[in-house]
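Novice: Residue-level listing of the chains:
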Amino acid sequence: MASVEFANVRKSFGTHPVIKGVDIEIADGEFVILVGPSGCGKSTLLRMLAGLENISAGEIRIGGQVVNNLAPKERDIAMVFQNYALYPHMTVADNMAFSLKLKGAARSEIDKRVKPAAEILGLTPLLDRFPRQLSGGQRQRVAMGRAIVRDPQVFLFDEPLSNLDAKLRVAMRAEIKELHQRLKTTTVYVTHDQIEAMTMADKIVVMHDGIVEQIGAPLELYDQPANLFVASFIGSPAMNMIKGKLDPDSALKFKSESGVELPVAKAPESAKGRNLIYGLRPEHMTIAAGGIPAEVVVIEPTGSETQMIMRVGTDLVTGVFHQRISAKPGEKIGLSIHAEATYLFDAETGKRLV
Amino acid sequence: MSAVSSNSFARSNTAVGLFFMLPAAAFLLCFLTYPLGLGVWLGFTDAKIGRDGIFIGIENYQALARDSVFWMAVYNTVLYTFIASVLKFGFGLWLALILNEHLPFKSFFRAIILLPWVVPTVLSALAFWWIYDAQFSILSWSLMQIGWIDGPINFLGDPNNARASVIAANVWRGIPFVAISLLAGLQTIPQSLHEAASLDGATGWQRFRFITLPMLTPIIAVVMTFSVLFTFTDFQLIYVLTKGGPVNATHLMATLSFQRGIPGGQLGEGAAIAVAMIPFLLASILFSFFGLQRRKWQQGGQD
Chain H
-6 MASVEFANVR KSFGTHPVIK GVDIEIADGE FVILVGPSGC GKSTLLRMLA
44 GLENISAGEI RIGGQVVNNL APKERDIAMV FQNYALYPHM TVADNMAFSL
94 KLKGAARSEI DKRVKPAAEI LGLTPLLDRF PRQLSGGQRQ RVAMGRAIVR
144 DPQVFLFDEP LSNLDAKLRV AMRAEIKELH QRLKTTTVYV THDQIEAMTM
194 ADKIVVMHDG IVEQIGAPLE LYDQPANLFV ASFIGSPAMN MIKGKLDPDS
244 ALKFKSESGV ELPVAKAPES AKGRNLIYGL RPEHMTIAAG GIPAEVVVIE
294 PTGSETQMIM RVGTDLVTGV FHQRISAKPG EKIGLSIHAE ATYLFDAETG
344 KRLV
Chain W
8 MSAVSSNSFA RSNTAVGLFF MLPAAAFLLC FLTYPLGLGV WLGFTDAKIG
58 RDGIFIGIEN YQALARDSVF WMAVYNTVLY TFIASVLKFG FGLWLALILN
108 EHLPFKSFFR AIILLPWVVP TVLSALAFWW IYDAQFSILS WSLMQIGWID
158 GPINFLGDPN NARASVIAAN VWRGIPFVAI SLLAGLQTIP QSLHEAASLD
208 GATGWQRFRF ITLPMLTPII AVVMTFSVLF TFTDFQLIYV LTKGGPVNAT
258 HLMATLSFQR GIPGGQLGEG AAIAVAMIPF LLASILFSFF GLQRRKWQQG
308 GQD
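Chains as they are written, first to last, in our numbering: chain H, -6 to 347; chain W, 8 to 310.
Just so you know, not all the hints are guaranteed correct.
Claimed, not checked - If we take Cβ atoms under 7 Å as the criterion, some of the chain W residues that face chain H in the derived model are:
hint, residue
1, Ala203
2, Ser205
3, Asp207
To be clear, the hints were calculated from the coordinates, so they are not data collected in a lab.
For every residue, glycine included, the Cβ atom is placed at its ideal position computed from N, Cα and C.
Start from the sequences, fold in the hints, and give me the full structure.
Specialist: Written as structure tokens, this is what we have:
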């Protein structure tokens, strides 16, 4: 087990920069998730850590040792690929034992390592099967088994759940998290799915366009997003964003472009007169007669909660309510907004002001 | 009622299917089954050019069994096929591996590699004929200029030299087919397998030995079967370069069969020699049949 550090890491393909100076510190035993939309450079960053892509500038350290010029096999890391990359011509047991065989480990030693790993992952009855004969979830487990057997310094996961169906994904999510709690090996995990990031990570790194937007614990990112990108990326359904300005007459009022007045908890001096974006999470509102007028557009009951898309002025706002609502599309209702849970972002820089 | 109609539907479907198969069947009958059957029949007759033969049983084969030239041709054919195929496989695989790397002008090289394969055999054989010429050989001339040899090499005049020369020409011509086919096979191996193996600690050689080679075996089996069939039945190269000489030293079964049957006029004997190739060809087809069977790891499930 080891810590991992990225120090001002850069990467360009030809003249095209993909990673534009990334600094991340990962403590020993931490479960860190790199998350971001496709093309943000998260997978490239992971592959650079694995040694599959070279590093254009900066340093990557594993356990304090600079690994920029080490071959993948010298870095003592194990990776689970998106397509699992199981060797199709080897049985499950041989897949898991491959790295040990290459090291020239004795048959008994290999058994001693493969058997417990297979036991942990419930693969024991499948050891003689070939990858083609396995289901998606089983292949996923074999890929993890291959990593566990290595007992590496760091585990790398590259979108490991994206080829699974929704139900299996939730199950494997819990399995991977439990595995990490048991083995406590430093883990770097890449995904584009913010729910995976929120549920599994000790620490999330939100990436966008080759840079790190914010690093923090899941709820920290949720409660205190540094900027518009993180605020809109984390959370589902996404945060409502409404353009407008602070009301010059009354300090604790935000006036949207269509003239609707929305409450704010505090309004710093710097925000006055600027173009702002008002951020409101869907769960931070309730229905109240005489509140802010809204018109129901779409209503989506999911059983445990009700999602509603409403028109407030000209803006569409999504709300999540824990009670069942019998409103009809087109109906006028009133909204009460929890002012202390709202955000204000600078419309030009995207930075959060409140 | 419905059973009857579905039955007649199935029947009419079959009829339509058979109808559409007719052209292909007629083609195969005329150009494959008939010549093959005729060849086998001629082998049992004493037909000569201009005279229908009469059935003489296995007399032709008995004569061949005592014929040292025939056995020489069999030996030559097996030797020729074996050595040329091994060399073609070795060089072809090597070339495919090189072309699979990230080279500049990769597609240009891939295209140019095919040249020996697309040039008509007779043309390239004529070129080799000059290269191997007893007096004007460029090879002899170059070696003499360097000072490695004193006089020109008798490439096609000495039995062993002649065998080596025709094998070299055949290898040159056959490499592109093997190389391009294996390259296609190499490209079906996902990059992530190599990445996984290198993370697992495999060296370049180990990746080749444990990933590339086992995943390539199905394609190697197909390609080498075809290569063996082409080489075993080779005719043009030998006929242009040596006509089977010197003193029958490079006669293959195909050239000997032609020699006896057409210029020699002994159609029956020529046909018998051609038929004698069939067991060898069947053997290599059987080999490929078992080689091509889906391996256990390729069975079951979908990707």
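Novice: Look at each hint and say if it fits the structure.
Specialist: Hint check:
A distance limit of 7 Å between C-beta atoms decides the matter here; for Ala203(W) the minimum to chain H is near 4 Å, and the interface restraint holds. The closest approach between the C-beta of Ser205(W) and any C-beta of chain H is roughly 5 Å, which is under the 7 Å cut-off, so the hint is satisfied. Because the beta carbon of Asp207(W) sits about 4 Å from the nearest beta carbon in chain H, less than 7 Å, this interface hint is met.
In this structure, none of the earlier numbered hints is contradicted; all agree with it.
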